[in-house]
Every structure is written in C-alpha cells, then in structure tokens.
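Generate the whole structure from the sequences, applying the supplied hints.
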Amino acid sequence: MASGSGSTTAITTKGLGKRYGSLWALQDCTISVPRGRVTALVGPNGAGKTTLLRMLVGLSRPSTGELAVLGRAPRQDPEFLSSVGYLAQDVPLYPRLSAEDHLRLGAHLNEGWDADGARSRLAALHVPTDRPVATLSGGQRAQVGLGLALAKRPRLLLLDEPVAALDPLARREFLTTLTEAVADGDLSVMLSSHLLHDLERVCDHVLLLSSSRAQICEDIDDLLASHRMLLGRRRDLTDIERSLTVIKATQTERQTRLLVRCDGPVLDPSWEITEVGLEDIILGYMGQGDVPLGGHLNALEEVR
Amino acid sequence: MNFMIWRLHGNQAYFAAAALVVLTTILLVTGSVMAHDYAVALASCGATSSCADIGSFLFRGDGAIMDLVDLTLVTPLLFGLFWGAPLLAKEFEDGTHSLAWTQGVTRARWLRTNVMWALLAAAVWGAAMAALVTWWHNPENALGARFGTFDVQGFVPVAYSLFGVALGIAVGSVIRRVLPALATTLALFLAIRVAIGIYLRPHYETPVAKLYSLLNGKAGQPANSWAISNSIVGPGGHNYGDQFSLNELPKGCASIFPGKGGGDGGMSSCLASHGFHQLVTFQPDTRFWAFQGIEAAIFVVLAAALIGFTFWRVLSRDA
Amino acid sequence: MSFQLNSASGVPAYLQLVQQIKQALRMGVLKVGDKLPTVKEVVAEVAINPNTVMKAYWELEHEGLVEGRQGVGTFVSRRPDGPPPGTQARLARSLEKWVLTARQEGLDEESIEALLRSILRSSWIEGVA
Numbered sequence: 001m002a003s004g005s006g007s008t009t010a011i012t013t014k015g016l017g018k019r020y021g022s023l024w025a026l027q028d029c030t031i032s033v034p035r036g037r038v039t040a041l042v043g044p045n046g047a048g049k050t051t052l053l054r055m056l057v058g059l060s061r062p063s064t065g066e067l068a069v070l071g072r073a074p075r076q077d078p079e080f081l082s083s084v085g086y087l088a089q090d091v092p093l094y095p096r097l098s099a100e101d102h103l104r105l106g107a108h109l110n111e112g113w114d115a116d117g118a119r120s121r122l123a124a125l126h127v128p129t130d131r132p133v134a135t136l137s138g139g140q141r142a143q144v145g146l147g148l149a150l151a152k153r154p155r156l157l158l159l160d161e162p163v164a165a166l167d168p169l170a171r172r173e174f175l176t177t178l179t180e181a182v183a184d185g186d187l188s189v190m191l192s193s194h195l196l197h198d199l200e201r202v203c204d205h206v207l208l209l210s211s212s213r214a215q216i217c218e219d220i221d222d223l224l225a226s227h228r229m230l231l232g233r234r235r236d237l238t239d240i241e242r243s244l245t246v247i248k249a250t251q252t253e254r255q256t257r258l259l260v261r262c263d264g265p266v267l268d269p270s271w272e273i274t275e276v277g278l279e280d281i282i283l284g285y286m287g288q289g290d291v292p293l294g295g296h297l298n299a300l301e302e303v304r
Numbered sequence: 001m002n003f004m005i006w007r008l009h010g011n012q013a014y015f016a017a018a019a020l021v022v023l024t025t026i027l028l029v030t031g032s033v034m035a036h037d038y039a040v041a042l043a044s045c046g047a048t049s050s051c052a053d054i055g056s057f058l059f060r061g062d063g064a065i066m067d068l069v070d071l072t073l074v075t076p077l078l079f080g081l082f083w084g085a086p087l088l089a090k091e092f093e094d095g096t097h098s099l100a101w102t103q104g105v106t107r108a109r110w111l112r113t114n115v116m117w118a119l120l121a122a123a124v125w126g127a128a129m130a131a132l133v134t135w136w137h138n139p140e141n142a143l144g145a146r147f148g149t150f151d152v153q154g155f156v157p158v159a160y161s162l163f164g165v166a167l168g169i170a171v172g173s174v175i176r177r178v179l180p181a182l183a184t185t186l187a188l189f190l191a192i193r194v195a196i197g198i199y200l201r202p203h204y205e206t207p208v209a210k211l212y213s214l215l216n217g218k219a220g221q222p223a224n225s226w227a228i229s230n231s232i233v234g235p236g237g238h239n240y241g242d243q244f245s246l247n248e249l250p251k252g253c254a255s256i257f258p259g260k261g262g263g264d265g266g267m268s269s270c271l272a273s274h275g276f277h278q279l280v281t282f283q284p285d286t287r288f289w290a291f292q293g294i295e296a297a298i299f300v301v302l303a304a305a306l307i308g309f310t311f312w313r314v315l316s317r318d319a
Numbered sequence: 001m002s003f004q005l006n007s008a009s010g011v012p013a014y015l016q017l018v019q020q021i022k023q024a025l026r027m028g029v030l031k032v033g034d035k036l037p038t039v040k041e042v043v044a045e046v047a048i049n050p051n052t053v054m055k056a057y058w059e060l061e062h063e064g065l066v067e068g069r070q071g072v073g074t075f076v077s078r079r080p081d082g083p084p085p086g087t088q089a090r091l092a093r094s095l096e097k098w099v100l101t102a103r104q105e106g107l108d109e110e111s112i113e114a115l116l117r118s119i120l121r122s123s124w125i126e127g128v129a
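As they're listed, the protein sequences go chains E, R and Z.
Read left to right, the first sequence gives residues 1 to 304 (my numbering).
Read left to right, the second sequence gives residues 1 to 319 (my numbering).
Read left to right, the third sequence gives residues 1 to 129 (my numbering).
Just so you know, these hints were derived from the structure itself, not from any lab.
A hint or two may mislead.
As a list, the in silico EDC-like pairs of lysine to aspartate or glutamate whose alpha-carbon atoms are at most 16 Å apart [claimed, not checked]:
| # | chain 1 | residue 1 | chain 2 | residue 2 |
| --- | --- | --- | --- | --- |
| 1 | Z | Lys35 | Z | Glu67 |
| 2 | R | Lys210 | R | Asp242 |
| 3 | Z | Lys22 | Z | Glu63 |
| 4 | E | Lys14 | E | Asp28 |
| 5 | Z | Lys55 | E | Asp222 |
| 6 | Z | Lys22 | Z | Glu67 |
| 7 | Z | Lys55 | E | Asp221 |
| 8 | Z | Lys35 | Z | Glu61 |
| 9 | Z | Lys55 | E | Asp219 |
| 10 | Z | Lys97 | Z | Asp81 |
| 11 | Z | Lys97 | Z | Glu67 |
| 12 | Z | Lys31 | Z | Asp81 |
| 13 | Z | Lys40 | E | Glu180 |
| 14 | Z | Lys40 | E | Asp186 |
| 15 | Z | Lys22 | Z | Glu109 |
| 16 | Z | Lys40 | E | Asp184 |
| 17 | Z | Lys22 | Z | Asp34 |
| 18 | E | Lys14 | E | Asp77 |
So the derived list for chain E, only partly shown, Cβ under 8 Å to chain Z, looks like this [stated by the list, open to error]:
| # | residue |
| --- | --- |
| 19 | Gly36 |
| 20 | Val38 |
| 21 | Arg172 |
| 22 | Leu175 |
| 23 | Glu180 |
| 24 | Ala183 |
| 25 | His197 |
| 26 | Glu200 |
| 27 | Arg201 |
| 28 | Asp221 |
| 29 | Leu224 |
| 30 | Glu275 |
| 31 | Val276 |
| 32 | Glu279 |
Ideal Cβ placement from N, Cα and C applies to all residues, glycine included.
What follows is the structure in structure tokens.
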C-alpha cells in the first residue's frame, strides 16, 4: 500500500452480530477484508447485507462482537466519518436541492472535500448540476450520490445496492466512475448487489452472506482457482468426500454433478472436470444454508 | 453546518418572516390608532371626571383585527407542526439522515446545530409576536381583564413556541414519518396546553377568597380579576357549590321557586336572611406577571425535557 | 488493444486479460516496443477492477513479455515463445478452409466444436504418452 498509515485490513470483524428484537439480522460474522480490495457483498434478500454496511459506517451498533474499519472501531468523530464514504440504498438525496447544492453542502460538512473532482466527473457525464435532484434520472441521481461519496476522498467506500435500479448503460457508467476512482488511489470498496455479472468485472474479493452468516470471504481469483465442477456417472460420495470438500451435489438417476473445493488437482480420471464461474460458485454456496465460513458440510440435493 | 440549515430550511424562514411583516404592519397601524384614541379619550374624560366608563366609547379595533390577534394563539402550534415535527421526521422519511450522518460532522453536532436553530427561530418569532401583541393590547389591558388574553401576550407565547418546536422535534425522532408526526404533535400540543390552562393555571397561587352578601350580587369582585369559583356558603360554613338541591334549602326558603314573579322570586334575600353568603375566589390582576412567569417556566422546562429526550433518542439508538 | 471478459468461463479475469494480450502478441496486433494501455485507460474503457489489470500486467512482466517503466507505462519487451506471427495467420487460413468443408458436409457448430475438442484431447494424450 502506498500510504502506509493505519492497518493493512480495510474491514475486520469478530463474532459480529446484530439482533432486532428476537431476530438476528447478522450472526457470528468473522471476516477480514484486505485494503485496496473491491469486495462484492452478495447474498439473498434479508441475509444481513444492509445491516453489515450500516454497522461499518457507524449508523447502527453491533449487538455482539467487534468490528474494526480501517483499523479502528466506527465512532462518532469527524476523522472516522470522513474516511468512510457511504451510499445508502435508493440513493437518498435532498429532493429540492441541486447537485451543486449538495456539493456545497458537502464542502461545509467535510474536511478535504474534492468538489472540483466531483464537478468534472458529473460534467463529463452531462449530469445537470443546477436542477433539483428530484428531476434527474435514476442513473444521474446515482452518479450524484457516488460523486458525493467520492468527494470525501474516503479510504473506504460502502455502497448498498447502488446499481439495482439502473438501466445497463447507467450501470456501466456508474461502475466506470467507481473503478476509475479505485485506480486513482488508496481506496477500498465494498458494494452489495444482486447483479453478479457486474460484480465479477468490478470486484476482486467476495463476501457472501447467507442465512445471516458469512459463507465466503476471499479473493475471487482464489475462489475460481479452488473450485471445480465434477461430472460423472452416479456413485457413492463417501470416498470423494475424504479428499475434497463437496459444496453442492446434484444427483440424477445416472449422473452425479459436484461443486467441489479442492486445493490440488483432482486425479480421478472418471470425472469430467470443468472450471466454474463465480455465479455458479456463489449459487452453490447459497443453497447451503448454515455452513460456517470454511466449514465442511456436504449438502446433498436429490433431483428427480 | 449553518449553510446546510439555511439551504434546507431557508424557505420556511422566509415564509415566517413574510407572515410576521404582514402581521406587524396590521398591528402597528391599528394599534397606533387605538393608542391615540385612548389618549384622547383619557384626556377628555379627565376633564369631565367620567373616566369610569371610558371603555364604552373607545374604539377597540375592528372585529377582524381582534380575531387576527386571537389567532396568534396558534402560531406556537404552527412552529411545532412546520418547523419541529418535520426536522427529523423528514430526514428519516427521505432517508437523507443516512447521508447527513455519514458526513464529516458528528451526529451530536448535526443535531445540536439543527435543534439550536429551530429553537432560536421559534424564540425570536415568538418574542416578536408576543411583544407586538402585548403592545397592541396596552389600552385594552388598562381597561379590561388581562387574564382574558393571557395566552397571547407577555412571555408565555415565547415559551409555548419553544415547547411547540421541541415537542415536534421529539415526536419526529420517534415517529419517523412526516404526516403521522404532524398529527401526533398537534394532538399532544393541544392536550398539554389545554390541560395546563384548565387544571394547573388557576392554582399557581392560592386564589383570594372573599365572602359577599347575596344581596349585593357579585358587585364586590375586584375589577379585572380572574374569577376562579363562585359558590354559596351556609351559616355553618358549609360550601354548597353553585347549585342547591331542593332538600338542602333552608325550610323557610324551600317554598320559593325562582322564576315565579320575576327575578329569583326573593330567593337571594331569603337565603341572605338565613345567614347564607356568596363565596368568590379569584386571582387578582396584580398576579398577572407572576402567573406569566410560572407558566412560561413550566413550558420552558417541558421543552428542555423534550430536547433532552430527543438527544438521548437520536444519539444512543441506531439511526 | 481492447479487452473482453467472459464471466461464465470460470477463468479468472486477470488470466483472461493475459491470454488476450498474448494472443494479440502472437497475431502481431501488438509488437515489441508497443505501449500497453494504462490501467486507468483500461478501467475507463471496460469498467473492470484496476487490480485485475495490474495483476495481469504483473503476470506478463513476470513471464518477461512486458516491462514496466516507472512513471512512463508498460511496454512490450518480447514476443511469447512459439512460431512467428505469420505461422498463426497461415494456420488460421487452413483451419478456416477445414471449417468450411465441415459445414458443407453438414456439421453444425456444436458438432464441429465437439470434434475439435476430442481431437485436441486425444492428441494431448498421445503427446504425453
């Protein structure tokens, strides 16, 4: 890392949990995300993605466990607050104010505010900065929201479903702005989304939450390198489970298809072995239910 | 921070300022006329020593203006509804609190600045209005019961304004949507104001009690005082309230029925002859400012408690 | 030089970039001394993670194909091992001819691919053996 201040991890949590009433929105979440990564935060609805992001930015407090953001617990001081950029779901902005108003607002509220950078980005995308933001398109509003978050020159940027409501072109523009900002300097990003294809281009790390727990938290390249799809005639799985971690097994009358995690090559020649895309890996884990991070549970799914 | 307040709430301030200018103009013009008339009338009655009924030939303002002055009664409520209640509720409803509270300004400072400005605005506007109305009421006060217009003059409008805004803000911190917060603020404001006006205000100081002969009626009650109660007291000191039941009447008077043969049919004189008296309790005019002080203090304390609650609520709980 | 990413392939994105650059070198699209686009240029064009681009460039640098010059950019320093660009083009032309014949014989794209894959596989096994 170029500017070596602080810790080498952007986000560290230990046994982090959040309870609303008797319901756990997030439970026993222990993760570590290195600095400089663009992390995809994925998982089904209600898996605790928003809950996690809100705790990271200090909007809500954990019920259990610990968390460190850029090496320190989120807290109410200007230094912490300006080091973390946050764009909430649905891009909340003051509807009657213009983008320019928002930028001036930000300049009054933050130290080291980069209004010029934000203005030139918005100008390049032809986003009108003098009209009330309520009159802008969804894509333009998202750009204003991202511009505000980036103008803080944050070291960690948290984005909650930023592209969900955007058309493909606006989505591409949004992600381009984001990746350019990452290329510009020491910036870690975590963004949640359901659009795995977008995430796969933009992200190099993935955090999967499912059933309120963290199922995967690692570099996408490592994930792709360690997972394979095995296809072969139907057989008993006890043997293979000794040497491999079966993430998901699909058995038909004649065939067995396995998503496995393996550290070395699979030697058994009776399997046809193929590489697996990120989406299939994630879907494989999502079908899992309660598997602790790095756990070894063999879900067996019988298909007629 | 202040820039943010101004940019977001400037329109409300302009609107309130415009309303205040209109009100000021109307009251200054009519108030000057009234003050002049009063001075002239006082001079002329002084010459003929007939000042006792000066009120009867004095211009007391147009009915519509009177109504307008009475309407200033609701401005503290309007502050509560349009400045107080939306302050937090609107942020929560639009989700902009998550924008505001993730900038490089702590939530405590954000809240402090917002609340301070809202309270300051309410106090300034409330004070301006109260001063204006109090001045306008000057001739009237010299002639009639000030207690009748207790709520629109003196310090209390300022205290009500602070309370209104504080109540709105506190309600908005709990009910995070604008319309329900408005409705709740309205209901609570009215309930608390009315309850204190009816049940507490008469007892800020022990009312003065005076016994009058039933034959004189209420003629002896001091001018401009605020009557609290009016009852009949028997010879043994028993208080009958303001109504007798038939079997409580002394024997000699039981056969007299009011309304027969005009007036009370001699009931008053019959009772008086049996040793009954009229008991009047009242708050004398001289207590007016003490009462203003007490009531203002109550509402300022309530406002402070509500602001305290808001800070606790916003700072100690999840956004 | 422009890049394309296929997300369903299971091949890490940086490896896809490496393969595409190598292919461009083999085909002669990129020559020794050419400057590769900067990370920022690639990111702005295809909206991908800058770390992916950097990782691809590191990988190529590690293999000795490109050379990063501080503050100037990344330059092609060597072609990948293998026959000269002409060979590739010549082989491509004869493969084209073969594909045309296969089509005329009534093979659809799927069967052509399957045939090619099985030949590749069996020839690899022969080569190993």
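Evaluated hints:
| no. | hint | verdict |
| --- | --- | --- |
| 1 | Z:Lys35 / Z:Glu67 | holds, 10 Å |
| 2 | R:Lys210 / R:Asp242 | holds, 15 Å |
| 3 | Z:Lys22 / Z:Glu63 | holds, 11 Å |
| 4 | E:Lys14 / E:Asp28 | holds, 7 Å |
| 5 | Z:Lys55 / E:Asp222 | holds, 13 Å |
| 6 | Z:Lys22 / Z:Glu67 | holds, 14 Å |
| 7 | Z:Lys55 / E:Asp221 | holds, 11 Å |
| 8 | Z:Lys35 / Z:Glu61 | holds, 13 Å |
| 9 | Z:Lys55 / E:Asp219 | holds, 13 Å |
| 10 | Z:Lys97 / Z:Asp81 | violated, 26 Å |
| 11 | Z:Lys97 / Z:Glu67 | violated, 38 Å |
| 12 | Z:Lys31 / Z:Asp81 | holds, 14 Å |
| 13 | Z:Lys40 / E:Glu180 | holds, 6 Å |
| 14 | Z:Lys40 / E:Asp186 | holds, 14 Å |
| 15 | Z:Lys22 / Z:Glu109 | violated, 26 Å |
| 16 | Z:Lys40 / E:Asp184 | holds, 8 Å |
| 17 | Z:Lys22 / Z:Asp34 | holds, 13 Å |
| 18 | E:Lys14 / E:Asp77 | violated, 22 Å |
| 19 | Gly36 | holds, 7 Å |
| 20 | Val38 | holds, 5 Å |
| 21 | Arg172 | holds, 6 Å |
| 22 | Leu175 | holds, 4 Å |
| 23 | Glu180 | holds, 6 Å |
| 24 | Ala183 | holds, 4 Å |
| 25 | His197 | holds, 5 Å |
| 26 | Glu200 | holds, 4 Å |
| 27 | Arg201 | holds, 5 Å |
| 28 | Asp221 | holds, 4 Å |
| 29 | Leu224 | holds, 5 Å |
| 30 | Glu275 | holds, 3 Å |
| 31 | Val276 | holds, 5 Å |
| 32 | Glu279 | holds, 7 Å |
Taken one by one, the earlier hints fail for this structure at numbers 10, 11, 15 and 18, listed in ascending order.
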